[in-house]
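J.: The residues making up each chain are set out below.
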Amino acid sequence: MGSSGGGIISVLQVISGKSDPNSILHTIIWRIRLPRVLLSALVGATLSLGGLVFQALLRNLLAEPYILGISGGSAIGAIAGILLGFTRFPGVSLTAFIGSIVTLVLILVMTSGQSVLKKESLLLSGVMVNAFCSSVIMFLVSITQDSRLHNIIFWLMGDLSTADIRQVGLLAGMLLPCFILIFRHSHAMNLLLMGKEMAQSSGINIKVVTITLLVTSSFMVSVTVSYCGLIGFVGLVMPHLLRLIFGPDHRILVPACILGGGSYLVICDLLARTLPDQGEMPAGVITALIGAPLFILLLKRSEP
Amino acid sequence: MNPAITASNLSHSFGNRHVLRHLSFSVEKGNFFIIIGPNGSGKTTLMKLMAGILKHQKGQLSILGHPKRSYTPKALARAVAFLPQRLPLDLPFKVGEAVLLGRAPYQGALGFERQRDLEIANQAMQFTEVDHLNNLNIGQLSGGEQQRVFIARAICQEPEIMLLDEPTASLDLAHQVKVMDLMEKLKLEKCITVIMVSHDVNLAAMYGDQVLLLKNGEVVCIGTPSEVLSFRKLEETYACKLLVDESPLGGFPRVTLVPGRFMDSEN
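Chain order of the listed sequences is A and B.
For the first sequence, numbering that gives the first Met the number 0 begins at 0 and goes up steadily by one.
For the second sequence, numbering that gives the first Met the number 0 begins at 0 and goes up steadily by one.
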């Protein structure tokens, strides 16, 4: 099974601990496959949850987790790291993380004070920063010629293959508190759907809630993006898909995004690893390939 | 007994634009209090100050005898409910779920509803006669029904003061009377102080215990409908021709607008 061979029975033997701990298969499963599955689950969960939060905060159905310029900022950081010859971890991840946090702070400062609550200005600043960053990225790509170009392209397409169990643990340690914090604000997100005025007169401190959600979700998306690059589509469409299935209540949607988004990326990554005869393709290719038709199908069926 | 609302020397401005200037008035508990005035006179801003959506910049504002600043957002929401002018008609919830959102000030962060919350929501829906719409989406309702759903949501907050910003503006005649009757019932049966912004001086005359007339962010006059809705004060404030006589129903004034074509022949 899979590009490394090995039947289903021997895989089961490894998992149940009945095989030689020094065998190659044992190593592949515990050291390569397991971290990768866990990483996919974490990344899928984070991106879907990020999309859900931004769609609720900006009350815009096209909002995605990268909307505040996180993708552009982290990409510039990552490319700079690759060009400087840093290793993938922690070097490039760190420069990518710095890049995304710098853009986030920049956007929060640009729309500072009361206007953080004005969703249009937030949305437009994000779009503009991302547009500016794309041209910087294009510039950097066009002046790069050697093998580093390949690394850059792979990073931009999103890459889950670098998982290492300790790094995945570190990631989980940073992401899980964000999940919990967002879940605690899930009912506030329901109230926000009523609009600013009604939410506030229902006892929500709208400024605190907005900033907490913005910063938390941007932080967790930055963390995942800096580790495994830009994986598209999951964050945009999973929240919609789950909303069509489970309805509009965020107290259900937050756990649904964590579990659903996580499983979805695990499946997509599995297909990306097994479908091509040789090598692998980026998981981001599969996410849209399956997700877009599936979404249109659900949309059609939900129409009265 | 403390008044429901006391404002003294209240001022508010957006940038250089002074929207409210040195406003002083008080609203007695259990009153139907109606705020009228031309466009841009500061009515909506005053509502938002009382609802806790805006912070007042100068002067004092007390709610139920306590300074507004001493309330936490949740405590304020338990005392004051607010129905804004523009309703979220794209709210994706069903009627029952939307009404339950009004229980938020009494619930924990996750808003899981107890039996009591469900009972209060049901009573509120019966009160505004929307209980039969329980399982419909907000978008499927008529304007009058939507208005009553959001009034039910506000009643769920079990407020002592209910603020409404032009709740009758987009309704037909029958629904206007229905909403106003509902507010009167709220006042009489639940002893809730109702404060409403309205452009309809006749509705103000029919239902108001007290009327506040605003112009350019200042109080022109405050008192009973007969005191405030006089020919001289209205003509001065609105700068238009009108007639004021007594309503055929008796006991309150009736205001009739005069179309332009009648002006020359009169003079």
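Don't take every hint at face value.
Distance condition first, Cα-Cα at most 30 angstroms in a straight line; then the derived DSS-like pairs of lysine-lysine [as the list claims (entries may be wrong)]:
hint	chain 1	residue 1	chain 2	residue 2
1	B	K184	A	K206
2	B	K67	B	K93
3	A	K117	B	K177
4	B	K186	A	K195
5	A	K195	B	K240
6	B	K73	B	K28
7	B	K28	A	K195
8	B	K57	B	K184
9	B	K57	B	K177
10	B	K186	A	K117
11	A	K118	B	K186
12	A	K206	B	K54
13	A	K206	B	K177
14	B	K54	A	K117
15	B	K93	A	K299
16	B	K73	A	K195
17	A	K118	B	K240
18	B	K184	A	K117
19	A	K117	A	K17
20	A	K118	B	K73
21	B	K189	A	K117
22	A	K118	B	K184
23	B	K67	A	K299
24	A	K195	B	K54
25	A	K118	B	K232
26	B	K189	B	K28
27	B	K67	A	K195
28	B	K232	A	K195
29	B	K28	A	K118
30	B	K232	A	K206
31	A	K206	B	K240
32	B	K57	A	K118
33	B	K28	A	K299
In short, the hints are calculated from the structure, not lab data.
J.: Which hints, by number, does the structure contradict?
T.: 1, 2, 3, 5, 8, 9, 10, 11, 13, 17, 18, 19, 21, 22, 23, 25, 28, 29, 30, 31, 33
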